[in-house]
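Student: Work out the full structure: start from the sequences and follow the hints.
Chains as they are written, first to last, in my numbering: chain A, 1 to 332; chain B, 1 to 512; chain C, 1 to 316; chain D, 1 to 303.
I should point out that these hints are in silico values taken from the structure, not numbers from a laboratory.
Not everything, but these chain D residues come out facing chain C in the computed CB check (under 7 Å):
{"hint": "1", "residue": "D28"}
{"hint": "2", "residue": "S181"}
{"hint": "3", "residue": "S185"}
{"hint": "4", "residue": "A186"}
{"hint": "5", "residue": "T187"}
Examples of chain C residues toward chain D, derived with CB under 10 Å:
{"hint": "6", "residue": "N34"}
{"hint": "7", "residue": "T40"}
{"hint": "8", "residue": "G141"}
{"hint": "9", "residue": "S239"}
{"hint": "10", "residue": "M283"}
{"hint": "11", "residue": "V285"}
{"hint": "12", "residue": "A295"}
In this text, all values refer to a predicted model and were calculated from it rather than measured experimentally. All C-beta atoms in this analysis are idealised placements derived from N, C-alpha and C, irrespective of residue type, glycine included.
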Amino acid sequence: MGKINVKTTAKLGHKLAKNSTLIGVLVVVLIGCLINGRVFLSIDNIANVGRQATIRGLLACGISLTIICGTIDLSISTLFPLCGLVCLYFSNYSVVLAFAMPLLVAGTIGTLNGLLITKGKLHPWIVTIAVQLGLNGVNLMLTQGNTYKPSNMSSALKSFGNFSVLKTIDIELICFVVLYVIMSRLVKSKPAFRSMYAVGASEESAVMMGVNVNKTKMLAHILCSLFAGITGILQVSSSGAGKVTSGSGYEMYAIAACVLGGIHLAGGRGKIIGAFWGAWILAFLNNIFNMQQYVNPIWYQVVVGLLVIIVVFAQALSNKMHAGFKKETTRI
Amino acid sequence: MHADGYLLEMDHIKKSFPGVKALDDVQLKVKPGEIHALMGENGAGKSTLIKILTGVYKASAGVIKIEGKEVNINNVQQAQQAGISAVFQELNMIPYLSVAENIFLGTYPINSGKNIMWKKMEKEAQALLDDIGLDIEAGAQLGTLGTATQQMVSIARAVSRNCKILVLDEPTSSLDSNEVQQLFKIMRRLKNKNIGIIFISHRLNEVYEICENVTVLRDGKYIGSWRISEIGNEELVTSMVGRKVENEKTVRGKTTFDEDYLLEVKDLACFPKVKKVTFGVHKGEILGLTGLLGSGRSETAQLIFGCNLLQNGKIVYKGKEIQKQTPRKAISMGMAFCTENRREEGIIPDMSIRDNIVLSSLKRLSKKGVVRNKERDEVVKRYIDRLKIKTPSEEKRIRLLSGGNQQKVILARWLATEPDLIILDEPTRGIDVGAKQEIEKLVREFVKQGISIIYISSEISELVRNCDRVVVLSDGCATGELVGDEISEDNILAMIAAGSASKGGENVAEKN
Amino acid sequence: MWQKKIDIVKIARKYGAVIFFFLLFLFNCVTTTNFIRINTIQNLFIQSFPILLISFGMTLVIATANIDISVGSGMALAAMIFALTISAGLHPVLAFLITLIVGGFFGWICGVLVAKYDIQSMIVTMAMMYILRGIAKGMYGGSTVMFKNDFLSTLSYYRIGDVIPVHVVIMLIIFAILWFVVEKTRYGTYVEAVGNNPKAAGISGVSVSGILISVYVISALLAVIAGVEQGIMVMQADSSNIGLTKEFDAIAATVVGGTPMSGGKANLTGALFAALLLQLINMMVNMNNIYYALAYIIKAILIIAAVLINTYIGQK
Amino acid sequence: TLVNAETSEDAPKETFKVGFAENTYTGDWRACEVADIEEKAKEYGYELVMTNADLDIEKQIGDVEDLIAQDCDLIVIVPVDAEAIAPAFEACKEAGIPVIDMDTEYTSGVFGEDFITTIRSDQYEQGKAAGKWVVDTYGTEDSVTVLEITGTMGQSDAQNRHNGFADYVADYDNVEVITQSGDWSATTAQNVVQNVAQTSEFDVVYSHGGDMIPGIILGLKQAGLKPTEDVGVITVDSPFQVLDSIKDGETTAAITCTPRGGDTLFSCIDSYRTGEELEETYLVPMNTITSDNVDEVYDSEGY
Ligand SMILES: Nc1ncnc2c1ncn2[C@@H]1O[C@H](COP(=O)(O)OP(=O)(O)OP(=O)(O)O)[C@@H](O)[C@H]1O
Ligand SMILES: Nc1ncnc2c1ncn2[C@@H]1O[C@H](COP(=O)(O)OP(=O)(O)OP(=O)(O)O)[C@@H](O)[C@H]1O
Ligand SMILES: [Mg+2]
Ligand SMILES: [Mg+2]
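Tutor: Now the structure itself:
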């Protein structure tokens, strides 16, 4: 009798801890309900939060690939506004160009990053910090710092940006979910993607096991940049205006989403879908803050920072418990 | 079939690293269906030669022919395509992935849509594991398995390839005798399929048991090749070491001891691996600790040294019970612990040999935190000489040393702390004959100076040669003890067998 | 002969940032008008002071294979606390001590979370980045704090022998202490060991969590000094802008300086010159009136060039 | 025509809930505005919910959505960006919630459809006024070099102040401008002044913000230049520290506008609720302060 009990609790603990992301989501939802349950759990609000999670969430999807692969791309925070600008600029001419050109630009930058990191053997942090700076310069040069609004924006692009299902689920949210599903599938089923885990865990071992490390890293970087491209397109197609500074600090958000989703920064560990939930957690935290009226908004950053710490702390404790349970179960 | 009938010919191979000529005009020739031993001291260049063959390194000069045709091997993929498959000396697997994935990484089974067939992969992997007698699930995460099991998995991986040449670089160093036999069975089977096997090991008996031919390297130079039946034990050792080595003989120390223990452990427990371990170590004795793989020897040592938290029992050292043991405390009290897992728990890979040696004794070698360089360098020099660590300079990063030399550096680290009690967990793993004898000699010397040793080893002959007493563990419990002349291979084996049998019975009872 | 060659390579690897700094310096001597002036040198040192300090801290943290992106916010909080305590009439020394204690406390928290609870340093320090910046902004309603103190304003512009700014002295003292600690004491070896293989280091008797906590505290304390200096220079503390994105400059300086992001090595000399290098680039931009947008691109190219040179000299 | 507000159909609620999507809470100007809005909301008896976008346009759009979800009766938006804010305005329109556009102009909005009125201080005009001051003071004949120290370029405030200035002086060939970024930071501004002073001579410094003034003045002094005497200093924005420095004769002039828009805002809301017609724009007055008129401003409201 007693044994069964221990076993079931252990199993539950095991489940929870294995999905530390789940812990994060649970914690956030709990806080949300405590603060303002009625509004918080409404469909509209959840859809809103989902939309708010999109931009960072898509960036996080790209960056999660690089992190799993043991590198990182910090340049996305200036790359995606650039792609937005490019998209708007070409939307004056044709909707096809409006989609193709930003992706081309993104692919080029991804290739550049990848080459500097694999062939140039430079550390990804420094390469992508530099590229981030450089692209910021490019953005400012192109727009002179002003917000860019196309004179003759393609209506197809506009209607793409304003598309929504049942007026609650709009295109961003759809892309957000669909792209994550696709990526998760690819990572699960394509050898080239799956190898990212090996490369991230140990480059040396991956080489010895016959994985083409450089190719894998290039793939991760190019995909990451393409995600930035898609994000840029989505952002400008709904607002119709491109802004240089619109991405500042987003690389950190994206990384945070990954970490909250259980993706380990040392590489080789975690699931892509974790970043998806991580982005939701972050969006929920913002939402929760706006729902409450006890704390002055000037303390926004403090509260969000504290909440992040609470979430990761809960995850860390659950991991510790997990280790404990593991011992228990094997003993029985 | 071509003229000479060789499957693999490596000729005039040269390779140098900054400061070292690792290989200088080396040759290696293997026929199909032959098991060929590659032997030499630590740092002789065996692994380097293998890495050249498998495309990890590129040779500075030389030719490689497979079935008489010259091949170009620039990377691992090309080597794989050429039919070469290898188990490397250092475990090179991905701990976070499943066993099945580790086996198939690089050659995932894919369907027509180029998607990985997970079910098929797992099934094949499971079949493979069952086939080589490994009782694990293919879906298990590799990192949760013990070193030995991981080693067997990497062998499974190498075997799973349809290769012409199989390279095994010290595959047996972390296996016990049962598993070694298991491996030999597989090797014989492959041999019958006309696969050429290159086998590296420092254990002479294994080489005599399984190999037909042997090639010896020394200091990166080719010394010669022999039929194993035509070369005697002594001659082989002499060719490897380059001088005559005396025969190993049993030197038993004392058989009677003081009543007092230096270290006494009572009912140690840390689930799941250690359940009830009780024994004591006298001053100045060598206590052997043995048992089957996974019987909890390493875990016991870890508990004594404070790497893991004690769940039950007590540790009494120098008459005082130790509360909340930590490695730092242990070191300050004069304990030392040379771990079995060199790469993960031993070396600091990117630090110099010097810093690796003094890491644990820096406290003693510094004054108010400031390191006294002269003293430190003396210590380093002393131990490099004493353990005959082969390196161009003490500044060299330890990662770049050969496996055996890394082990010596770790030993030096612990000897440098001038301990009263040294726990040696598989200290001679991957160490060449010469060095092994030196280490054994050193161990005995230390005992003469009054140091006590806990000697954990899977090589029973080693225990028989050196130990004053032997404690046998099985399934986390101390089940027997042998003293003095009782210590013989047969007795130890019998005791291990008895222990595991009784434990096995208990397990059955528990399950019901 | 062989031996000697290796040494040159080693020196180049270790001092790549130094070489690149002097190259750029020489380049400026030729191309920038009025560059060769004592004023320029003074300005260079004064202006790079904050980056220099946080780069030292970052170097230690990165050497343990972790990261601290909270330093920029730490600077802002320090400046605010210092300004407010001074405004409240406290003696500067006392105010500085209070600031150090508060800053060090937050560093300690980061260290504990990373060391004892095994939470990834990136997320811990990122949360801390938000928290510290948020407190800095919130504690004075988002406004700038002005303060007056004659002693401090004379101190900040004091030139020893009319030539050497106090900044240089303070910076050299801090550098000397840290350099000594890293190169000459066992602490340095421990830091590198923890960065390289924490498990092995722990078994070898290194107090891994102690080392981790200590590097975070040091990093936080250096950020405090940097932040306070920023406040004193203009006699005001502006919570939203002090130290903003400076953590990236510090990371860049650390890596350009030859400390690998993967940890296991601490190159303080490299960080020193790399930080000077980064500020030199800023000066070059200002002095030649380079278009601000172009300035970003130039900076990016020079950073990549510096690490490339670093890597390739090292590999030759 | 005005947007048909729900309040007119339903029975009037007891409290009228105003959502205020502020773009940032920091900087003296904003801090003053926030305090003013909070104070005036109480005075006028409105329930106020404020959010802080921290200058992040994406976050602001989310903030507005959150305000809608909380059933605000009217939402005030202080756009982080004049164009990219569009989705937020559209979301309000869809939810049938009236919007007041504040401070920054929502350029693609249509009066009466997207917002019921605009209350703003014009950053672009401020930049222009600064340009005008330079031309008025230094004439159109002798060549004048201006060192423009910008805020973080790409942000609306900095961008508008830059554009207004640049557009005005573009007509005068004798004015030459050196533009370097001070990133809104006093120390960066100080560094810029020092470094530029090493190589170039300039007659006047134009600062985008009052927060950078202390740094600029120290930088000038260090370069051996006397502010106002040798080099003129003009800034947009006039917190107390700037007024003090005008009094001390170190800052030459400041273009000001008051952040205290609370009265205007809530009286507009009052009128809206009673069904009065609102004008399209209520401009907050702009002023040039020099040593001549500094005392009046200082005493009256400080900003
Ligand atoms: N990457 C490297 N860089 C520099 N030197 C190296 C490198 N790899 C190996 N060496 C050196 O080359 C020599 C041969 O090493 P190798 O690993 O081949 O020896 P081994 O015969 O396999 O020894 P062991 O039996 O100990 O495994 C050693 O002196 C070693 O220090
Ligand atoms: N299930 C497991 N989970 C985590 N670590 C394990 C597990 N099994 C073994 N290990 C670790 O792997 C290392 C080697 O284990 P191995 O299977 O060789 O048995 P062992 O415990 O070393 O055997 P013995 O105790 O007989 O020496 C040990 O240090 C142990 O801590
Ligand atoms: Mg070897
Ligand atoms: Mg063991």
